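Chemist: Chains as they are written, first to last, in our numbering: chain A, 1435 to 1732; chain B, 11 to 526.
Hints may be right or wrong, so weigh each one.
Claimed, not checked - Covered by chain B, according to a simulated footprint, are these stretches of chain A (three or more residues, beta-carbon under 8 Å):
#	region
1	1492-1503
2	1518-1524
3	1528-1534
4	1552-1560
Hint data in this document are derived by calculation from the structure and do not stem from the laboratory.
Since the model is a prediction, treat every value here as computed from it, not as a measurement.
All C-beta atoms, glycine included, are put in the ideal place defined by N, C-alpha and C.
Here are the chains, one letter per residue:
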Amino acid sequence: MTTAPTASTGPTGPATLTATDLALRFGGTRALDGVSLRLTRGVTGLLGPNGAGKTTLLRVLATAVPPDGGEFTALGHDPGTASGRLALRRTLGYLPQTPGFQPEFTAFEFVDYVAILKELTDRGARHREVRRVLEAVDLSQVRGTRIKRLSGGMRQRVALAAALVDDPGFLVLDEPTVGLDPEQRMRFRELIAQAGEGRTVLLSTHQTEDVAMLCHRVVVLAQGRVRFEGTPAELTARAAGRVWSSTERDPNALAGWRTGTGSFRNIGDPPTGAELLEPTLEDGYLLALDGENTEVAA
Amino acid sequence: MSTTTPTATEPVRAATEPPREGRRAGAVLALARFEARELLQQIPVLFFFALYVLLVALRLMSKDGMDDFPVLNTVDRRTQAAPLLFALALFICANAAALRSRKHATVQQLAVLAMEPWRRTLAHVLSVVPYAGLTALVVAAEYTREALKPGAIGQGSAGELAVGPLCVLLAGITGVLLARLLPSSFVPILFVIAVYLLGVLVSGFVDDEQDWVSRLVPVQLFSSSGGDPVPSDLLGRPAGWHALYVVGLCAVLTCVALLVAGGRTRAVKAATALALAATAAGAIGQLPGDTAALDAARRTASESPQRVQSCSTYDGSTYCSFPEWSVVRDDWAEVVDRVRSAAGGAAETDLTIRQRVDTSGGVEADAALEPSATPGEVTVGGRWGGNRVPEFAVGVAAVLVGGSEDVTSEPMCDARAVTVMWLVLGNDPTPSATFRNVRLDDSTSGSGVVLAPTNGLSLTGPQTTVIRELLDRPRAEITARVKAHWAELTSARTTTAQAAKLLGVEVPKEAEQCGE
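Construct the entire structure; sequences and hints are all you get.
Modeler: This is how it looks when you write it as structure tokens:
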């Protein structure tokens, strides 16, 4: 049925989004603390632990909430001005972490509703576009079904279709694969990979597998700050020589856990003579967090 | 992070796209169509619209004879209250539609789409316009159907006809505004209760329906509407100003909703000022104007109607009515002919049929007309058709028999009551049914009161018995006897028993008790 997409070194080229020193406070909490980013076309993964500020960053970039400080431009539009914000919104697709639905709407009606709010006025062209995106997410067969009768995975695809309608140049996806079973997740990865062709896609996720399979670039965020920005290969390479195996958990390791073979996989500064292991993206991610939130139970 | 790197920009969109502003307006209209279609799928909207249409259809199909002679200046007002339940349903559903995003937690994802919340609010407002349009169609159908009847009297007011559809629109807009001001699904219910209680409270001290305060209520809910129709110029209802006031209210509430939703554009602010001005103009225009002139016109119409009426003569009798009622003079003449013919030509008094109204208690009060003391003058009221026809016949017959209407001020415990009723029923196609209908107690036995345009006619039990007997006999025979004994049968000295003998029917055995 599906073939797992693989990460490429990815498209590079000119920046489609440039953010400088983005800051946002919620009360006394710095949700974003001087975030600077540069995105290009293709899928960029945004990794980070809970509370790292991923959703906040996505909401800022999706113009849902203005930053307290800093600025960014996306696809040449400055959302700091009303006209720039409107222009950006016209070319934006946003899938929030927990998308809401009008349960009484059919899948077609919901996406059509979103298409109208995206100001697609020609009824015939709009309906063709709605059918196209529903077909793209493989929901053509259930487009007349009320959303309340659809499964969780189907609903998530409806939300993705709504984000994809009108062929947005900038797609913001906030943990779209959460709650999906492995088959649905694989299907979703395919869709995201397709969406990343020719678009700028920012994908927030907890799953390093998603990043490994989909993203040409990755940003690691922790405590509102960018800890790493580069390619997945570069992130993985950061763990080279810093992953080792032992029979007991190494107390000096930043993180360590028992593997299926019974031995421990440790991350950090290995002792002399340690049996080094091939690093993974997850090892690089954990090291990028630099010891914060890297406690993994043995 | 450097910000000097080259930046890719959005691809140029197709040249066939309409200009942005046109596209934005088109999107609002597209959303309005979408929301209007959603409203159509709401059960309360469907149910109450169907109920509204059904009630109007039933009213139009009613077989009450009075419906053949609709007075159009009451028909127009009658169209206002019927759609109120539909308006209430639209209020609830428009509110729910405007709250939908909040209820289903889609606010966050929809907030980043191109169409701003105030434009969406405008679309919600526009989505109720088709329902006001549908109401206008029903109102127009109802009024047209009535106006096309051959017996239609006078004409209605466009201002009055507009109020029903405008109230439907106002209800929908109020629902949208409430959703923006107080976004909770409980608010509409509380609002309806509050409006009801306010209405009860206000009606406690605003009992005069001509009061200016009551005119600020979109629909005249306090109107008793029990009075006889009166000429349009006596109504004193500034219907045009009232319609302007309701239009202004709709516009003001729309503008407030747009402002609350963030639409603080120059156009919206200018529209708000214009709407406030229209509302104020409508409210001020309803202020009682030249009340002295209106009172004088009403007094003239009540006390000296001949000064404002036109007359026509037919077969020796004169028929005088307010101009709007000239269309029914021929029908009055037919009744006079029929009543006269039941006397076989013996009833030769020339009559003056005079339309009268009594506005001393206001135009909505159900005032009883006093009998005319003028010899040969017969009163006719504002309604015609149905039971009003035999009632008028009673008035005509009473004047032919007694000389004037005030003869009915005292009970006629003699032959005259029998003669009056024979004249009424003698040539009636369904005399027994008419006899029953024209009696207050809907019976054909015992004593009772027969309705007339002014005072009713009291019948004793024996008189009722004689009349029933007469209806069983050949009409030609009775008519000949009436003609032959006209003098005796129209004399107060001839008893009911003697009348029975003169007319050739069995004398009632029961004793006659006058005033029973």
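Chemist: Hint numbers the structure violates, sorted upward?
Modeler: none
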